[in-house]
Amino acid sequence: MTVKLALPTGELRAVVGELLHQVGIPAPEYESASRVLRATDSKSGLTVRVFRERDIPIQVALGNYHVGICSDLWLAEQQVRFPLQHIVRVGTLPGPETEVWVAAAESSGCSSGELPAAPALREARIASELPNLADLFAVRARIPGYRLIPIHGSAEAYPPEDAELVVIPGSRAEVISRGLVPLHRLYVGGLSLIANVDGLGGVNLATVIDALAPVLQSRKQGISLPRAGTGGFRAASERSKDMARIALPDGHAQPHTFASLAAAGLAFDGYDERSYVRRPRANTAGLEVKVVRPQDMPSLVALGFFDIAITGLDLLREHQSRFPGSPVEMAVDLGRSRYKIGPVVESSFPADRTAEALEIWHSLGRPVRIASEFPALAETFARDYQLVHTHIMPIAGASEGFVPEDADILIEGTETGASLRANGLKMLDPFMVSTNCAIVRRDPITERTDVIEKLLARFQRAAEQAD
Amino acid sequence: MTTSEPIPFRRSRGMRDQLPSAMRTFRRVEDAFRDAAGHWGYEEIRTPTLETYSLFTVAGGLTPEALSRVYTFLDWDGWSGERIVVRPDSTIPVARAAVEAGMPIPARLSYVQSRFLFAENEDAEQWQCGLEFLGAPEITGDVEVATVGCDFLSALGLEPVLRLSHVGVTHAAAALVGGGEAPADLREVRSALSPDSPALAFIDAALNPTQGGRLARNLRSLAENSIPEVLPALDDLDRVASALVESGRRVVIDLSMPHDFEYYTGVVLEFEIGDIRVGSGGRYAPGWSGLTSTACGVALGVSPITMALGVRVPAEPVVSVVADTPEDYGRAVKLASALHRSGINASLDSSPGGPFAVRVRGEQLFAVRPEGQQELSSLDQLVELLIDAK
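Just so you know, the protein sequences line up as chains R and V, in that order.
For the first sequence, the positions run 215 to 681 when the numbering used here is used.
For the second sequence, the positions run 2 to 391 when the numbering used here is used.
Careful, some of the hints might be misleading.
[Said to hold, decoys possible] Quick list of simulated restraints, FRET-style, between CB atoms:
| id | chain 1 | residue 1 | chain 2 | residue 2 | range |
| --- | --- | --- | --- | --- | --- |
| 1 | R | R386 | V | R14 | 38 to 46 Å |
| 2 | V | R47 | R | K455 | 37 to 45 Å |
| 3 | R | K455 | V | A120 | 41 to 49 Å |
[Stated by the list, open to error] Short derived list, chain R residues pointing at chain V, Cβ under 7 Å:
| id | residue |
| --- | --- |
| 4 | P469 |
| 5 | S513 |
| 6 | G539 |
The hints are simulated quantities; they were obtained by calculation from the structure and are not laboratory data.
In this text the structure is predicted, and so the values were computed from the model without any measurement.
By construction, the Cβ of each residue, glycine as well, lies at the ideal position given by its N, Cα and C atoms.
So that you can see chain V by itself, here it is in the shape it has in the complex (with noise of 0.2 Å):
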């Protein structure tokens, strides 16, 4: 078969187009998040897309599973037979810029960049606004990322609601169980347990989520005889649920939460918008980057925000300016250079179109809409009708 027809090319697979449309609310999305988070005196860093794939795989690090998705490859140095990965997270890199850049601990980082993880919907490439909070202080580092996650999704007039739990308490239960792969959550636990086990009545009630900060402290009586273990993670718990729970979030306490041992070491947090799961994060332990304290971080999806958000952002009008000859052009580049001074969007156009256009022919400027024509007498003439337009 031959043709002269061009092959159509198109987007990776996994790979999504931001469009106009999306840039808009993404944008917005953004500006709440950086407004929210220098607030809380977090500063703005971006690590490179590109980062060495032993990075990842260091104990602490990323899960086997998100290993088994990330984009890897040998670049021009891979006869050295290291590997290069696209970014898969940015946690770990930001610890690592931390550390390398021999920034003073504890600091306060935050960011909004992609994170590439294979799928195979249009979601491989996903944008997130996070915060890391390195050398954070036990309870305030926590109770800190989660307020300025709320204040962020406030700002963009989401109400979240904080689901909370805590490592330290599946860790605990699952030692009851011992031997083979350690059970994944609370409920794993659950199933492994002998139907005797004098646990079962503490994890029976911790697997019930419950509004309120209230549920740590009432488990405690329960965990004292047969779970003594489990007793510093609830204390820790109770203490971050109910500052939040006083600073006025609503928090859901949720010990079934499945959670990653390897990564997280005390609270772990996830903020939702109705049955949108929208960010994650908890307090971990980069000990990998070579920093010896314990750091708290969340990582909020724009994606899942966006759709949370359920509106779009209406594009800003744009006045299209018109030069009636070719000699009229150079005035009417200098008329949208004014129209920009002025807080208005313009653009040359060949023919009037859109809501409001401005012909510009000689010394006269005529004003033209859908309703009709009108010769204006001056620039700020125009700028008057177009703020009553906007």
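Chain R with its partners taken away, still in its complex shape (with noise of 0.2 Å):
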């Protein structure tokens, strides 16, 4: 039988494909510089799958794949919320360590490596990409009507005006150099091993165990759950409503972002293609900008964190499908940044409209397995479409190797195909259509509003150039 070896993209692909060389483990075309998602080794079977980090032990736990490798933090963010699935920790890997901490502003008055008491936190915002260790965190320190903040990256953007606390990937020397105070370490752990159960007590895993067994490890990793702190918290004063405040985009959006804002007139001090800091100086009397991750945008809306943003459309509906009551909405359609979303399929898929396809995944005789960085859009996609069995498996990235072997569908987003294509996959009809966009608060917290239909005006103006 082939084993199924799942493997991380991004900046573990180095540390992991030189690992297995060493080992003998044949893993072709992983080296660092491949774009490859997928390959078989003729000779020992093994097919190796390449993944974002995250979602491999989710790819285990269903048993898509028998074994994988990732920071064992992926696997302690999983088991936290769901301790049944089947997996395994085979063992530590020789790779670099991870850490997690909680930590809070300097302003806090916080003492590095010490918690505040648990009423001094009284419904503290914990903001996190780790939102299960940090829910644990928050449960086992007993904080009286905390709110988790899940959001996507760039925690320590966040303290103090917009969270009490973070849970934060990383070292301690790299907490501090972020502008935080680590108050407790939550997690450290490594590279690890893991294994399907099932896969584990009935597949043959040499091909991967035993040639990695020599250089398995034992170092400590895990969870370390505070004990009641005993410390004060000096939390922020309330978010003054004399300042509007302006979300902008770290990352992949930056380019068109610095388009539009360049096409509207609009300038920030720290936010160009030379410069870049968390908050921006903005040359608007009356605003606050801060830099934040698009994905996060529409819920730090709706949260009344700002008054305005700048992100994806796609970005909005997703969360419009998820949360139908929030009061966000797209105030300008800047026009830029321009893609389809739609089904995605291989592209020996016999069919290439989507309504052609429906009567094939109806006669799937089991659940139709969806995948895409878009869960709510892909149910939203089901229920219009009435695929009425479906599994939406939401995932990080590296989305196209999923079709067909471990999705039958891929709601994906594509400018020109050229990707799809590579990739041997092809899109039936697209959906949606998504721009960069302008969103606001449909009750907008500032009472500066003057600022906010200023800057709308500007927007309008671009979106028109862009058109």
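These two chains come separately, so use the hints to put the complex back together.
Here it is as structure tokens:
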């Protein structure tokens, strides 16, 4: 039987590739420069599939892959919430160590390594890209009425004004370098070899396990829960209504945002091609600026942390599909970063239109598997096309490798279709076109609505230029 | 693979269907509980299936272990960051509801509702019959909720044993150990104590569950010199146990019982039928709800009680009413309704089935039984026949 191995993309690809090479595991085309997501070694029968790290424990737990290598952190994050999933940690491999810290802003008055007493953290907002670990911490610390803010990253941007605490990956030194005070080390771990429980019991995994056994280490890793804290905590003052707040995106969305801002005649010190800070300075009176992940913006505007944000229509629609009662809406379509979103299937799939594909999906005799970085849009798609029995699989990325082995449909975006074609995929009927856009809260928190209106007027002119 | 076969739907993992045979027993248990609670002045309350998650995470709320098994999700307003939980416990919501509604305290409240905690077997949803005596006076409340629970079980023909303990005893003993994770029960305290601890004699004696209500009083002298901090708890326990024994209840004092320190503050109790633990409860402090006084509550599980009952409640017989021709349907419906008014279950059928059927043909009625058919002269004759058959 073919052994299926899940491997990480991203920063770990080089480390893991070197490790596999050393122990003689054939992982064709897994070298760091390659963009190939799936390959099979014909001699050993080993199938290798490349995933975003956080998807690996899920895929191994589902039984789609027998074994996987990933940072142990993602296994811990999964197992905290789903302790019964069919997955086992086989051992620790040589590789980088990861820590997760509970941290606060310097202005909180907290001392390093000293957790505040629970009552001092009453109704604390905790931002984290590791919501399960953050929740475990908050429950164990017995923080009264805490509020979890799940985010996609850039947690250091949140304290003190948008969160009292963060649960953030990084070493103690890295946490300090981000301007935070490390209060409690919640987790430490390395690189793990993980296996599906049923696979471990029923499949000959010698190709992988025998080869890696000599390098397995006995490094201490795991979660360290806090004892009751004793320190004080100085919370930031409530958000001032005298200022309007705008969120700008970091990462891939920046180039289009720079273009939109330039077209609108807006410039922020510290937010351009040459410089990058979390809190750029606005030249407009009454306006505060912060840079966060675009994926988090609809929620942050809904929460009232920001009055306006530049994000993608895809992310707004995903948010609105998930939370139909959300007070966020699009104010201006900025018209850039345009791409189509729709159902993606393998290129040999015997239909080119969604309507034609329905009959095929309906007759599978099992649930239709839909993978997407937009799980709420995927659910809406399934509902709109009356796909009754579906398994929606939220994924973190490396999506082109899911179809056809691990999913029947991918709800995915494409600008030209070139990447899909390169991966042997095609899109059926797209159901939306996404662009970058300015989003606002229906009931703004700020009293400086004049600032918002002026910004939107400028964005409107920029949008007309983009058209 | 393509197929035209429909995909079979199955119940969600951890859930159980309550089929008619189970529901008959369920209703019997529920009726007995409502009667017992009602006699003691408890008024029924029902709280929503969905609550906010933060209601259960406060100190004194649900244990971290239980919180790791709740069903939680972001609902339509989930953008606010507030998560929703499918009711994992009823005590906390009942106290929340009473405070939110501004009910006068003391308040005696009862409920029959389910609570959801993930389990690998089919017991993720557990139906409970519960009492909450909010603002319950010392001793009075403890004795009362224990008694109502016993009355309820007795009404079902069950003879419960009440197992009693007191959080204060374990708490005071645990303080002798100090440092590290607090011991969960007296046995853990015993293991952690040094061999020369003067409290060992008291703890060794206390670890023996004893029938009757005297243990607490007898332990007093052992505790006086070695661990005097337990004396108030022992006195409290003694008063409750003595009252229950005197009222004819079967009591076992079992100080080895584990309990949740965060939740309970005084006497804790368990109801046992044979080897089956059917319920538990005790005195707690719902300070998180805004109530300053303590409360007493018990929750008894319908499933373990059903298991202890070990009998099936037979289905009520239903008479088949058969219209002989299409023109007879109206008369058949009228006849079924007339039977219902006489307290007899009847339904329409297309052919005689079961132990008793009535065929309607014009103005004629025929009783159809396995032994043969008999023409009836009137509805009264039919009712008489049915009562005899029943």
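Here's how the hints hold up against the structure:
no.: 1; hint: R386(R) to R14(V): 38 to 46 Å; verdict: 41 Å, holds
no.: 2; hint: R47(V) to K455(R): 37 to 45 Å; verdict: 41 Å, holds
no.: 3; hint: K455(R) to A120(V): 41 to 49 Å; verdict: 48 Å, holds
no.: 4; hint: P469; verdict: 28 Å, violated
no.: 5; hint: S513; verdict: 5 Å, holds
no.: 6; hint: G539; verdict: 4 Å, holds
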